[in-house]
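*Asks:* Sequence:
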Amino acid sequence: MRKFEITCSSEALVSTGPFENQRVFFAFKEVLEGDYSDEQIVEIQKEKYKKFCFEPIQFQESELAIKAVEKEFKHLRLLLCPKCGKKHPSVTTVRDFDSKGFFVSDSELELARAQGCITDIRCRHFVTTGEWRLAKDIPSCAPHLLTLKASGLDPNQFNYPAFLKKYPIRDMKNGERFFDCALEVTGEPDLIGTPDSWDFAESVPSMIDYKRNVDKLSAFTQMAAYAKQYGLKQMIAIPVNGDTAQGFSKPVVCNQVDEYYEVFQDKRRRFRQRYGI
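Just so it is clear: in the sequence shown, position 143 is 143 by this note's numbering, and no numbers are missing.
Do not take every clue at face value.
Below, simulated BS3-like cross-link-like pairs (lysine-lysine); rule was C-alpha separation at most 27 Å, straight line [said to hold, decoys possible]:
#, residue 1, residue 2
1, Lys-29, Lys-48
2, Lys-250, Lys-166
3, Lys-29, Lys-3
4, Lys-228, Lys-86
5, Lys-3, Lys-46
6, Lys-267, Lys-83
7, Lys-3, Lys-48
8, Lys-51, Lys-87
9, Lys-86, Lys-48
10, Lys-50, Lys-86
11, Lys-233, Lys-173
12, Lys-83, Lys-51
13, Lys-50, Lys-83
Label pairs and their calculated CB-CB ranges [unchecked claim]:
#, residue 1, residue 2, range
14, Leu-32, Gln-256, 56 to 62 Å
15, Arg-177, Glu-63, 21 to 27 Å
16, Glu-176, Gly-276, 27 to 33 Å
17, Lys-216, Glu-63, 33 to 39 Å
Everything labelled a hint here was simulated from the structure, so no lab data went into it.
Since the model is a prediction, treat every value here as computed from it, not as a measurement.
Even for Gly, the Cβ is constructed at its ideal location relative to N, Cα and C.
Required output: the full structure, derived from the provided sequences and hints.
*Replies:* Next comes the structure, spelled out in structure tokens:
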């Protein structure tokens with residue numbers, strides 16, 4: 001019978017902002033007794049270190065990094081993954097972190113988000129029920145309408161039925177939130193559907209997004225991350241603006257999923273390098 005003590009500790013210095021660091025320290029001690037060989041004691045030591053020092057340090061480093069980034073950017077989106085238990089940045093956060101648009105004022109961001117949420121709610125309701133309703137007639141639009149109230153922005157700028165009459169889409173299905181634990185990102189596509197007899201697009205299942213303005217690099221970098229999740233080879237951006245009398249513009253089609261996905265992967269690497277998330 002042997003009686004022995006297991007001790008282990010780990011320490012890390014975590015960057016939490018410009019010229020700011022926080023020290024993280026974990027230690028463990030336990031007295032064990034039993035018929036253990038030297039080899040078994042070494043393995044126990046390794047297991048205890050991993051469980052009570054190494055893994056807690058990793059978790060704490062991640063949490064501190066997340067808090068530091070959240071402090072810097074109030075509108076950063078980080079969601080807890082139900083599969084791996086880590087917080088993943090949204091695809092749009094990764095896409096925009098190094099662009100000027102990521103640093104717009106809170107008021108501008110709030111208005112853009114409210115108008116986008118209304119469009120998304122109305123479109124999702126339409127795809128699910130077949131009913132195209134005004135924003136005021138859908139209860140979940142109420143808080144976003146309140147945000148837009150004094151802005152002069154039109155909450156009903158898009159005409160979905162008219163759009164589909166000119167550009168039919170079959171097998172329409174609202175997108176669902178996904179969590180990619182390999183890239184550690186999360187996203188929620190707008191729509192998956194198949195263009196029906198368009199002369200400028202293939203009639204294949206496609207990733208479709210509603211966009212106020214279609215900036216190709218921004219739109220398709222985001223959509224490529226979505227398309228890869230579903231194995232889709234075609235992306236379509238629908239301009240949902242009030243700039244035209246018909247309430248929509250011609251959709252923009254792109255089949256360069258792999259090329260734009262490489263752009264997104266590069267942004268993901270640089271985002272992780274910058275923020276440690």
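*Asks:* For every hint, state whether the structure bears it out.
*Replies:* Results of checking the hints against the structure:
no.: 1; hint: Lys-29 - Lys-48; result: holds (9 Å)
no.: 2; hint: Lys-250 - Lys-166; result: holds (9 Å)
no.: 3; hint: Lys-29 - Lys-3; result: holds (14 Å)
no.: 4; hint: Lys-228 - Lys-86; result: holds (21 Å)
no.: 5; hint: Lys-3 - Lys-46; result: holds (18 Å)
no.: 6; hint: Lys-267 - Lys-83; result: holds (23 Å)
no.: 7; hint: Lys-3 - Lys-48; result: holds (17 Å)
no.: 8; hint: Lys-51 - Lys-87; result: holds (20 Å)
no.: 9; hint: Lys-86 - Lys-48; result: holds (22 Å)
no.: 10; hint: Lys-50 - Lys-86; result: holds (18 Å)
no.: 11; hint: Lys-233 - Lys-173; result: holds (17 Å)
no.: 12; hint: Lys-83 - Lys-51; result: holds (20 Å)
no.: 13; hint: Lys-50 - Lys-83; result: holds (21 Å)
no.: 14; hint: Leu-32 - Gln-256: 56 to 62 Å; result: holds (59 Å)
no.: 15; hint: Arg-177 - Glu-63: 21 to 27 Å; result: holds (22 Å)
no.: 16; hint: Glu-176 - Gly-276: 27 to 33 Å; result: holds (29 Å)
no.: 17; hint: Lys-216 - Glu-63: 33 to 39 Å; result: holds (37 Å)
Hint compliance for this structure: no hint is broken.
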